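**Q** Chain residues, written in single-letter form:
There are 2 protein chains.
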Amino acid sequence: MIKIAVDCFGGDHSPQANIEGALAALATLPELHLILAGDEAAIRADLAGRSYDESRVEILHAPDVIGCDEKPTDAIRLKRESSMVKAVRLLRDDDTVSGMVSVGSTGALVAAALTRVGRLEGVIRPAFCPVLPTMNGGVVGICDSGANMEVTPDHLRQFAIMASLYIQNVYGVERPRVALLNVGVEAEKGDAVHQEAYQLLKQTESLNFVGNMESRDLLSGKYDVVVCDGFSGNVLVKTTEGTAIELLRKLKKDVFSRTIYKIGAALMKRLFSDFKSFMDYQNYGGSVLLGTSKLVVKGHGSSNALSVQRCIEQAYRAELGELGRKIETEILKYDHYEQ
Amino acid sequence: MIKIAVDCFGGDHSPQANIEGALAALATLPELHLILAGDEAAIRADLAGRSYDESRVEILHAPDVIGCDEKPTDAIRLKRESSMVKAVRLLRDDDTVSGMVSVGSTGALVAAALTRVGRLEGVIRPAFCPVLPTMNGGVVGICDSGANMEVTPDHLRQFAIMASLYIQNVYGVERPRVALLNVGVEAEKGDAVHQEAYQLLKQTESLNFVGNMESRDLLSGKYDVVVCDGFSGNVLVKTTEGTAIELLRKLKKDVFSRTIYKIGAALMKRLFSDFKSFMDYQNYGGSVLLGTSKLVVKGHGSSNALSVQRCIEQAYRAELGELGRKIETEILKYDHYEQ
Chain A
30 MIKIAVDCFG
40 GDHSPQANIE
50 GALAALATLP
60 ELHLILAGDE
70 AAIRADLAGR
80 SYDESRVEIL
90 HAPDVIGCDE
100 KPTDAIRLKR
110 ESSMVKAVRL
120 LRDDDTVSGM
130 VSVGSTGALV
140 AAALTRVGRL
150 EGVIRPAFCP
160 VLPTMNGGVV
170 GICDSGANME
180 VTPDHLRQFA
190 IMASLYIQNV
200 YGVERPRVAL
210 LNVGVEAEKG
220 DAVHQEAYQL
230 LKQTESLNFV
240 GNMESRDLLS
250 GKYDVVVCDG
260 FSGNVLVKTT
270 EGTAIELLRK
280 LKKDVFSRTI
290 YKIGAALMKR
300 LFSDFKSFMD
310 YQNYGGSVLL
320 GTSKLVVKGH
330 GSSNALSVQR
340 CIEQAYRAEL
350 GELGRKIETE
360 ILKYDHYEQ
Chain B
30 MIKIAVDCFG
40 GDHSPQANIE
50 GALAALATLP
60 ELHLILAGDE
70 AAIRADLAGR
80 SYDESRVEIL
90 HAPDVIGCDE
100 KPTDAIRLKR
110 ESSMVKAVRL
120 LRDDDTVSGM
130 VSVGSTGALV
140 AAALTRVGRL
150 EGVIRPAFCP
160 VLPTMNGGVV
170 GICDSGANME
180 VTPDHLRQFA
190 IMASLYIQNV
200 YGVERPRVAL
210 LNVGVEAEKG
220 DAVHQEAYQL
230 LKQTESLNFV
240 GNMESRDLLS
250 GKYDVVVCDG
260 FSGNVLVKTT
270 EGTAIELLRK
280 LKKDVFSRTI
290 YKIGAALMKR
300 LFSDFKSFMD
310 YQNYGGSVLL
320 GTSKLVVKGH
330 GSSNALSVQR
340 CIEQAYRAEL
350 GELGRKIETE
360 ILKYDHYEQ
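Same order as they appear, the protein sequences are chains A and B.
Here the first sequence is numbered in the numbering used here, starting from 30 and rising by one per residue.
Here the second sequence is numbered in the numbering used here, starting from 30 and rising by one per residue.
Possibly wrong hints are sitting among the right ones.
Just so you know, same-sequence chains aren't split out, so a pair can sit in one copy or run between any two.
Straight-line C-alpha distance at most 30 Å; calculated DSSO-like pairs for lysine-lysine [what the hints assert, rightly or not]:
no.	residue 1	residue 2
1	362	291
2	362	279
3	108	251
4	281	291
5	282	100
6	251	291
7	100	251
8	267	362
9	279	267
10	100	267
11	100	218
12	298	282
13	281	218
14	305	251
15	231	282
16	251	355
17	100	291
18	231	100
For the record, the hints were derived by calculation from the structure and aren't laboratory data.
All figures in this text were calculated on a predicted structure; none of them were measured in a lab.
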């Protein structure tokens, strides 16, 4: 049995999308047990009429919700009865619960996870690792993508170890090819932190480090893990998503400008729909916070049911692959200094 | 008369593309005078048979070429007879020459420009400002995109002033909307440098500062100038280009998978061609190095003739708009500290 807590509130389509996604995951993952956190009456009202295995679903009553515009540290301190904080506290206190999923405020979730759940032994800084689809049908993990604005070479090595194990154990990639995000491929590119990190990654035996990556190659399929500071990683992920969205929007607008284009597009309807689905981040689940003692998955605020389902699958597969234990084992092989 | 020096070597399609692009610019810009730097015999051989106004073209003989794999500081010190170094020296020594264009090694060009040409009065750090097309048919300038890996709030303010004047005077945008690249739109996002920079930009009267920008909005058309450190800017620009290229490649591949798609695509041929051209960086010229006492434009190493032509137009329009003088005037209104 793998127990996952789901924060049912805080997203644009909550609680419906959260509950629908959770039940979809329940239907496909035989060992899954769900704890749905949030206002009990609202959850029961949404569950009513849905068909699912009731013996594998519990409700954790939490009447309050943290909004995206609230100051993270205040929110988690003052809203102790919120669905997010109660789910995080359950994660901390209940040994049988392995992970949690939330689509609520990122800042509040990170603050709650770091202060309440704590870190795996040896981990200096937990880091976010979302995945994006690559052109050869695989995925690439980007770590960190927003939890740490400033990093040291040592932090970057830990991100590499954690993300490499994540991609290996959750996506089944053997010896993930790990790259360091930089402004050029040569070892001496970037500032001192990047130059040192390059050497450190090269010396780390557990890693299949393949060198620096320029951001234009992110989707090429040549890399399975890209390591970077949280600011650059955030830029990398959001620029990719933004460019894809804007280009699709332009293509759609252009199609409607002439009748012959509309006819052509009608013949290519299936292709466009597959293309759109390929680029839709909802299909790729959430951003996993690697390095906390239990796994926390952050879904987009705009997550639909499919996206929530994928987030739960990520937490489930991570637990099945014993990701936390493996991260600790690898991290503890190297000296790490708090900085 | 506006005299621009063109480094005819160092690119993937040099010297043909450089010379063809230079002559195309000559044909459309009546005041333009060209100085073509490079091996005289090779340039004369390429010019032979082409029709152009010979009275407006000079050749600066330079038998050597700097390769992209050479160490920048060594290259500019040792290869004094290279087309790039001779063009830069001409820029320094000849008051009648207003700017130069090169598609050669970025590192060598920056090193040569900073050490030989020098900075405008008051400018702490020259910075690169490429432009990308936006969805409403305009452009957005990104400054810095690679010359300065680490920056202070003061640097960022200077980038904002320079890029704003560039977009205004070269692209005709009145009161360009300037944004600070950050991980969220709220004023308190990012590290201390970003928080301070936000306040500094807000207080700078010459600027039309509109707040933080998340990278997913780069192409939205809501911003004319985005200010950032050179590392993030590099990621921003290359991720956008890379995503566009990979998506177009995938679309093309998918089209060939079924006959009906090929028929549909045939009807949309013109649309796809316009779409490709819209995203083709060759149409948008080069990355201008703002803040040197004379303007240096860096084109892509893979520049074709059109791209070289656009680079020359950028240098020409900057001189016509008296960009250098305007930058000095604005920069000197504020205290700046060397750091």
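**Q** If a hint holds in the structure, say so; if it does not, say that too.
**A** Here is what the structure says about each hint:
no.: 1; hint: 362 - 291; verdict: neither (59 Å within a copy, 54 Å between copies)
no.: 2; hint: 362 - 279; verdict: neither (50 Å within a copy, 41 Å between copies)
no.: 3; hint: 108 - 251; verdict: neither (44 Å within a copy, 36 Å between copies)
no.: 4; hint: 281 - 291; verdict: both (10 Å within a copy, 18 Å between copies)
no.: 5; hint: 282 - 100; verdict: neither (39 Å within a copy, 46 Å between copies)
no.: 6; hint: 251 - 291; verdict: between (36 Å within a copy, 28 Å between copies)
no.: 7; hint: 100 - 251; verdict: between (39 Å within a copy, 27 Å between copies)
no.: 8; hint: 267 - 362; verdict: neither (34 Å within a copy, 36 Å between copies)
no.: 9; hint: 279 - 267; verdict: both (18 Å within a copy, 20 Å between copies)
no.: 10; hint: 100 - 267; verdict: within (22 Å within a copy, 33 Å between copies)
no.: 11; hint: 100 - 218; verdict: between (37 Å within a copy, 11 Å between copies)
no.: 12; hint: 298 - 282; verdict: both (15 Å within a copy, 16 Å between copies)
no.: 13; hint: 281 - 218; verdict: neither (39 Å within a copy, 34 Å between copies)
no.: 14; hint: 305 - 251; verdict: both (22 Å within a copy, 24 Å between copies)
no.: 15; hint: 231 - 282; verdict: neither (47 Å within a copy, 35 Å between copies)
no.: 16; hint: 251 - 355; verdict: within (25 Å within a copy, 45 Å between copies)
no.: 17; hint: 100 - 291; verdict: neither (47 Å within a copy, 52 Å between copies)
no.: 18; hint: 231 - 100; verdict: between (40 Å within a copy, 22 Å between copies)
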